[in-house]
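Participant: The primary structure of each chain is shown beneath.
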Amino acid sequence: MEAGRLGDYSRRFFLRGTTAASLLSATSCRKIQNLLGLKEEHVLCLPPPNEEIDLISHAISRLSFGPTPSDYHHVKKLGVTHREAVNAYIEEQLNPQGIDDHHAQRAMRRFESLHAPLGEMYEYKEKHLLEQLTSATLMGAVQSKRQLYELMVHFWSDHFNIDVSKKDCKWLKAADDREVIRKHTFGNFLDLVSASALSPAMLWYLDGRQNRKRQPADYPNENYARELLELHTLGLNGGYTQKDVMEVARCLSGWTVRSKKRFFKGRVEFDPASHDDGAKVVLGHQISAGGGQKDLKDVLKILCEHPSTAQHLAEKLCVRFIADQPSAQSIKDVAETFMATSGDLTKVLRRVFSTEEFLTGPRGGKLKKPFELIVSSLRATRAEISSTANLIDYLVSLGHAPFQYPSPDGYPDVAAPWVGGLFWRWHFAIGLARNQIHPKIRIREAKLFQEAGGIAGFSAVLFGRKPTQEELMSFHRSGEPLAMAIASPAFQWR
Amino acid sequence: MIREATGIVSPEGGGAKTLVVIFLRGGADGLTMVPPIGDRDYYAARPTLAVKESDILALGDTHYGLHPSMEAMQRLFHEGDLSIYPAVGSDDQTRSHFYAQDLMEHGGSEAGGWLGRFMRFREGESPGALSAIALGKVMPEVLRGAPAAAVIDSINRFSLSQRGEPTSKIETELAELYGRDQTLMREVAKDTLQAIKRIQELSKKDNQPNHGAQYAVDSFSQSLRQTAQLIRAQVGLEAVSLDLNGWDSHFAQDTLITPLMVRLSEGLSNFRRDLGHLMEKVTVVVMTEFGRRVAENSSFGTDHGRGGVMFALSEGGGGRVIGDRPELESGILVGPGDVPVQMDYRAALKPILSHHGAGESFAKIFPSWSLKHSSQES
Chain A
1 MEAGRLGDYS RRFFLRGTTA ASLLSATSCR KIQNLLGLKE EHVLCLPPPN
51 EEIDLISHAI SRLSFGPTPS DYHHVKKLGV THREAVNAYI EEQLNPQGID
101 DHHAQRAMRR FESLHAPLGE MYEYKEKHLL EQLTSATLMG AVQSKRQLYE
151 LMVHFWSDHF NIDVSKKDCK WLKAADDREV IRKHTFGNFL DLVSASALSP
201 AMLWYLDGRQ NRKRQPADYP NENYARELLE LHTLGLNGGY TQKDVMEVAR
251 CLSGWTVRSK KRFFKGRVEF DPASHDDGAK VVLGHQISAG GGQKDLKDVL
301 KILCEHPSTA QHLAEKLCVR FIADQPSAQS IKDVAETFMA TSGDLTKVLR
351 RVFSTEEFLT GPRGGKLKKP FELIVSSLRA TRAEISSTAN LIDYLVSLGH
401 APFQYPSPDG YPDVAAPWVG GLFWRWHFAI GLARNQIHPK IRIREAKLFQ
451 EAGGIAGFSA VLFGRKPTQE ELMSFHRSGE PLAMAIASPA FQWR
Chain B
1 MIREATGIVS PEGGGAKTLV VIFLRGGADG LTMVPPIGDR DYYAARPTLA
51 VKESDILALG DTHYGLHPSM EAMQRLFHEG DLSIYPAVGS DDQTRSHFYA
101 QDLMEHGGSE AGGWLGRFMR FREGESPGAL SAIALGKVMP EVLRGAPAAA
151 VIDSINRFSL SQRGEPTSKI ETELAELYGR DQTLMREVAK DTLQAIKRIQ
201 ELSKKDNQPN HGAQYAVDSF SQSLRQTAQL IRAQVGLEAV SLDLNGWDSH
251 FAQDTLITPL MVRLSEGLSN FRRDLGHLME KVTVVVMTEF GRRVAENSSF
301 GTDHGRGGVM FALSEGGGGR VIGDRPELES GILVGPGDVP VQMDYRAALK
351 PILSHHGAGE SFAKIFPSWS LKHSSQES
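Residue numbers (the numbering used here), protein chains in the order written: chain A, 1 to 494; chain B, 1 to 378.
Read the hints as simulated data drawn from the structure, not as lab findings.
Any given hint might turn out to be false.
[As the list claims (entries may be wrong)] Where chain B lies over chain A, by a calculated footprint (3+ residues, C-beta under 8 Å):
#1 214 to 224
#2 259 to 267
#3 282 to 288
#4 425 to 432
#5 462 to 475
Note that the structure is predicted; figures quoted are calculated from it, not measured.
Even for Gly, the Cβ is constructed at its ideal location relative to N, Cα and C.
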């Protein structure tokens, strides 16, 4: 039944894609865009009609970077009941390939340096690469219809955090984003960890490239091994010891990456002479001597199959999608699916969204991190953006610029560290509503209000519920209702 | 709402003592900043990284010195303002940055930071809107739980509007809506609105450094400069948190941390000069989550260790080495070969917090540690 419905959706999206393609050959691009734009955006603005956040608004706010004015209608028509509609929406988002996203993809093609082969990345100025990568990340989050995919890209970028300010990461992070994070976002966890372990940027960031044992007196560099255990897999209280850290470091010794001074710069290679080839014991598992480069595969399998890893990842995903302090039951349920599917990330996510706590628990209780606040504002106001420069400045002021978190644990995903930033949230809201952020960032307040039925309807789009009388009165009194609605407490949460 | 809120800020912010906490994030290497003099084991463990004996800057007749890049701090020591703690640390055994930083900022297993709790529990009147400030991008753990705390990266940009048009009607409505909010944002909003008013007044006044202080242009030095500005403007500033990042020197340690040592040393010295006699009400504490492994690794770096250094700067309160670090013979090292923690950071902070008015509330600032500590004493 569920599979059948999914099939229908895929077909529908496929058909829409082909229609668009055949029309493209017949008439000009701009006309088509307007045609599709009209159909998608203008006719279909339906503000959420309830006083409280309903299941549809809840699902949109958690599976995306925030609703556009047409999202509520889009999800509602996917099913007869809210529950049915939300299930279909979840399946749609878990299958990004089935979503026609040509509009966003065309916009992404502008960032040409991000598509360059690894070695060629060194030919770009480092600032240019970071700016392109940050802009692409921001624009993807705003424009892509594959919202859950983009959201998970964001999640994994924090989980496998790389601060671009460290050495060659400036050039190599863009490849990590493409070949590690985006490639495996909905794939298998072991594949994701394995790709990350041999990612040139990660080998630079956590000093894996310096982890070598050439003489008996050499200490392996244990930086990556420690973060691999503590952050990427088992978690801090995952039951490993200092000895395990050192043994993992021994297993990974010898892997390195060519520096920019050499031919084939950025290439990852294994140097047997720098590898500690003795026997190791990791978390009680024997790894026999002479394994060479196979040690890496063996040790990552041991870590990824460990129950603490399932627990750690389940907890992080529940914190991401459910609550700052999710229930032990939700974590347990998700961890079980993680174990049973050997880390099939699509299935694990589906389990998160089917927990009782996600479906019926408290709503609107996750504070938007600054990136989410900015992206959700731009989505809700359908901002026309042809420069991201000042948006990136805001992210820096708010302490949430992508790829710039200074330590390997990634940006925190709970409310407390972020509440101090209200000043810049308000500053942004006022700037956006007054069209003062940048001459190349425009919103059309009159049109937004007209489609949504005034500030009341538009703030329902923003909040996922109708505004209260107090809120409405306050918006009016301020003289700048749009700025106030975006700056208001309700819009800070998702 | 706003009218009520501004009433809390005393019009004369003067009189407040200010505690500035600088966190060297990443685990700063105490054996490079404060090298031992005449310890053969040090040179054996650090064949490439040890500071040459002839380069070490002497600290009176103590058997410690300073790294040659820290001349300005040597001067502060000899002028009687700088104290040096050679083997400070926490009970953390994980050697994890995040866990060790959290532990040191939280002051134990408590939620919220010790500086935040100090602000809440210290004796005297309740703190004003500008009493606690983090100069940076995110709220540091150490300040969490303070009754008022603002995160700002530059006091010059402190207006809600891009082009300086009025936002007072919006501010009134923000006070209204956030004042009715049921979440942790309510207090933050109130403090933020007060801070906006206060700093707007401040930025109109003259803000050049005094007494010939010349700060470098990096963000750490500029944060110190702005801290001095806020202290001079007497807005009731009591707690400041700022970070100097980048001490995690697993690789090529020398090139990585020498510029940071210069920045720290010059920054403190300019800050001291800038404040002049106002320094009598200011203490600067410099801490790091842990020191580093005694033996260097194969990539000219060092790995995470235990005991590290701490510094305190206050007018006439220094010129001393506080506590001791044993010679580095292997029998004395802990774990995989680390400097033992000879003094808990909370013991080092105790007299400083007391000077800043912690009074009887020390046990509330470090509840779990104080409990253990007092039962050991009795």
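Participant: Hints first: check each against the structure and report whether it holds.
Facilitator: A quick look at each hint next to the structure:
| no. | hint | in the structure |
| --- | --- | --- |
| 1 | 214 to 224 | holds (count 7) |
| 2 | 259 to 267 | violated (count 0) |
| 3 | 282 to 288 | violated (count 0) |
| 4 | 425 to 432 | holds (count 4) |
| 5 | 462 to 475 | holds (count 4) |
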